Each structure stands twice: as structure tokens, then as C-alpha cells.
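Residue numbers (our numbering), protein chains in the order written: chain A, 1 to 174; chain B, 175 to 450.
Don't read these hints as lab results, they were simulated from the structure.
A quick note: this is a predicted structure, and the numbers were derived from the prediction, not measured.
Listed next, the in silico DSS-like pairs over lysine-lysine satisfying Cα-Cα at most 27 Å (straight line):
| # | chain 1 | residue 1 | chain 2 | residue 2 |
| --- | --- | --- | --- | --- |
| 1 | A | 75 | B | 416 |
| 2 | A | 146 | B | 416 |
| 3 | A | 163 | B | 294 |
| 4 | B | 407 | A | 75 |
| 5 | B | 416 | B | 398 |
| 6 | B | 294 | A | 75 |
Derived CB-CB ranges, DEER-like:
| # | chain 1 | residue 1 | chain 2 | residue 2 | range |
| --- | --- | --- | --- | --- | --- |
| 7 | B | 375 | A | 80 | 29 to 37 Å |
| 8 | A | 143 | B | 419 | 21 to 29 Å |
| 9 | B | 336 | A | 143 | 35 to 43 Å |
| 10 | A | 35 | B | 198 | 24 to 32 Å |
| 11 | B | 309 | A | 83 | 35 to 43 Å |
Quick reminder that beta carbons are idealized off the backbone N, C-alpha and C, glycines included.
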Amino acid sequence: MLHQKIKTMISRVLAISLIFLIACQSKPEKDEILRHVGDITFDPEIDNVDFEICNENRIYQYYNFSNAIMYEGEKATLVREIHNEFEVTDADDNGYISVRFVVNCKGQTGRFRVTTMNDDYQEIQLSTALTNQLLEIVKSRKGWLKGESRGKKRDYYQYLTFKIKNGQLIDIMP
Amino acid sequence: MKNKVCYLIVLSLIIFQQVTAMPNCYIYKENEKCYEACKEAEKALSYSQGSYASQRHFMKSIELCPEFAFSFFEKAVPFAKRGQMNLWIEMIDKAVELEPETYLMQRGWYHWFFMHNYEKAIADIDRLDELVDYDIGETGDGFYHLNVMKGLCYKGLGDFERAIELIEGCMAAEDYYQRSYDYLHLGVLYLQIGKPETALIHFQNQIDYNDISEAYYYSAMAYKQMNDPSKYKELLELALVKYDNRLRMHNPYRQLVDQIYRVDILEAMELKIKKD
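Just chain A, same shape as in the assembly (with noise of 0.2 Å):
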């Protein structure tokens, strides 16, 4: 009898031990499968602490919603508004600056990341005036639409692309 209660005894707490287990083996599964590639998180040191995330877990992309620019106007309008900006400096550089950022749920802009490359994607110096004047140009941009999916307004990752040929601003994208 004795013995019996012990093999019970035994097999509750490998039973309990194995829940658990799982559990732990579990939760980390869960969180990476919230992690994308080309996530962005809150660097205190670079970015606006007053700028809020709604929903830090799930952030969208900005080719979930229907156009590759969201913005008041499309993106016509986004063009112009940077070719108005826009002022050719001293530099006669080659390459790409691109700039990635958050579009949170109220239309506001944050998180900003900058690399900049050459015709072979490499990363490379560009022009330090060219790079941050298009930066602050980006930043600076207030037309950005919220990103809407199964009714609530969500927060998304956007991008563009600079394409500078003699240091000029010959392209945009996406």
C-alpha cells in the first residue's frame, strides 16, 4: 500500500514537473515568434522618449496595408515635399541612404535607423550634411497615415530609400 502511494506520489510530481517544463520551454517559443527581422527597438540614447508605441508586440509592416506609402496626398505629394526640402550640399557622392522608421497608431513618426551604402549595398560614409539633412527632412514629415487592420489602428515599420547619383537626390523609394 505504502508503496503504491509512493509510485503515485512520484508520478504526480514528474506530471507537475513536466507541465512546468513545458511551460518554460514554451513562453521563449511565444516571444520569438513576436520578433521580425528588421525590428527597431528603443535605444534611450537616439530616440524620442515621448514618442509611444502602441502596441510594442506587434508591430506591422508597410506592405501589409494596401499602398507601399501611406501618406496624405500618396506619395506624390511625399516627393514633393522632399524635393521642396531638398538642397544639393558640396557632396558628389554615389550610393544610397535609407532610412527606416516607426509609423505608430497616431500617424506620429519615431525610431529613426540610418545606413548608408554604395551602388553594391555595402555600407559606407556618405556625406555627413547630404545624410543628416535627408534625416531631419524624414523626420520632419507630418502626413503619414495610421495603419488600420480588423478595425483598430495599428503601428507599422516604413522605409524610404534615397538613390543619390553626384551627390543629387535622383530617386525615392519604396
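Add chain B to chain A, keeping to what the hints say.
Showing chain B alone in chain A's frame:
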């Protein structure tokens, strides 16, 4: 016909999610590691593209079989879509090194599609053309034959004559089938070399095949070149109606070549042209 075009567009957008077919893992049965790598890639595809779980399975796949090109290619895709070409390039280069016949198209297409890197796109398509003795095929989304895409690269470089030559040559092939915007691009190219009458023929073909606002907008531009303010105004008004009815070029990943926006039509409407 228009329904067919609609279906083609929807299908193409679905295909964009996974533009190169997953290899049949059983062809690797003789090589245990590569078979396992293929199964890992299958697992990767079962997760959301670009998620950590998906990336992790691709990494494991590559560790198991470093010559399994598909995993290099697929692992790279979300980086390109999310504006990180600096991280995309190393992986796609590896895929091309391992299987140039399969992945030159993908790399060339992405050079053009995401970066307007015309020279590199042309170089990849030319290399593919030299490598294979069959039709080089189409872009991964099915919107363009690769020779039409190559023509559009030359347009991007300002060589309109070469672009026309390539696109017309491609469309004249006996087994060629029409894609969504071929005639529109051809028409715009004729506008760019100052031949509005020829351009108008192509715009009408575009309207007959796939009725989009852009065909009316550029028809208006043709009439502008021909100094016909009445037709210019009429076509712009039609362009606006079509645009507002959502009959227009569209892509969730980028602005397409020759795509216009509402503000372009409105600005053109404000422009007064005078008849000589």
C-alpha cells in the same frame, strides 16, 4: 479580359510571398544532411516570413547543408522587403553563386524592383541569358517578362530607343503572352521620344486589355504634345474618374514604373495648353 487581369494581379501578389518554389525534399534523399536542411526550410516557411522562428529554421537549414541555395534566398527576402539591402545582398549573392540559373532572375529583379539599380539588374539578366538556352522567363511576381523588365531598366537609364527595341522585340515573340502593363510602358516610351500618335495606339491597346487611369493620363499627355487642349482635358477627366474608381496601377511594395497619383492628374488639369 479585365477579370483575367484582376485574377493575374491577385495571384501575382500571392506568389510574391514565395516567388521561388520550394524544392522537393525527396531529391536530396541520397544526402542526409541536405534532406534535413530541406525539411528545415519547410518548417521555416510554416512560420511568418521574417519572424525569428522562420529565420532560425533557415539558419539551421544552412548549417546542415551550406550548398542549399533555397534557404539563402528565402532567408534574405524579408530583409529586401523591409529596406535592408545591406543585409540582403550577402545571402542572395550566395544563392546566386550556388544556383545561378535559379537565382540570377531573383537578384536582378530585386535590384530593379526595390532599388532602381538598373545597371546591376541588366547585368544579372544578361548573365542569365548567356547561361540558359531556354526562355529566361518572367519576374517573380509575374508582371513582366525579364526582357521587358530589362527594357524598363534602359528606360531608367534614359535610353528610350533601346528600351523600345527590347520591349517590342520581346512582345513580338510567337509564344509571348500579354502582361498587365506592357502597352502602357511602350506608349509612355513613344511619348518620351516624341511620337504621340504611336503612343496613343499603345494606350488604346492598354485600355482594351487592362483599363487603368494611367492609360488615360498619358493619352492626355500625348494630346498635349499634339496641341489638342480639348482632348487633353477630356482624357484627364477620364483619368480622374478611373483613378477614383480604383482602376489604376497598384503595388503594396513600391511605386511602379509610370504609375501616377491623384495629385498628378489634378496638377495636369490646372495646366492650360493653347492650340497653335
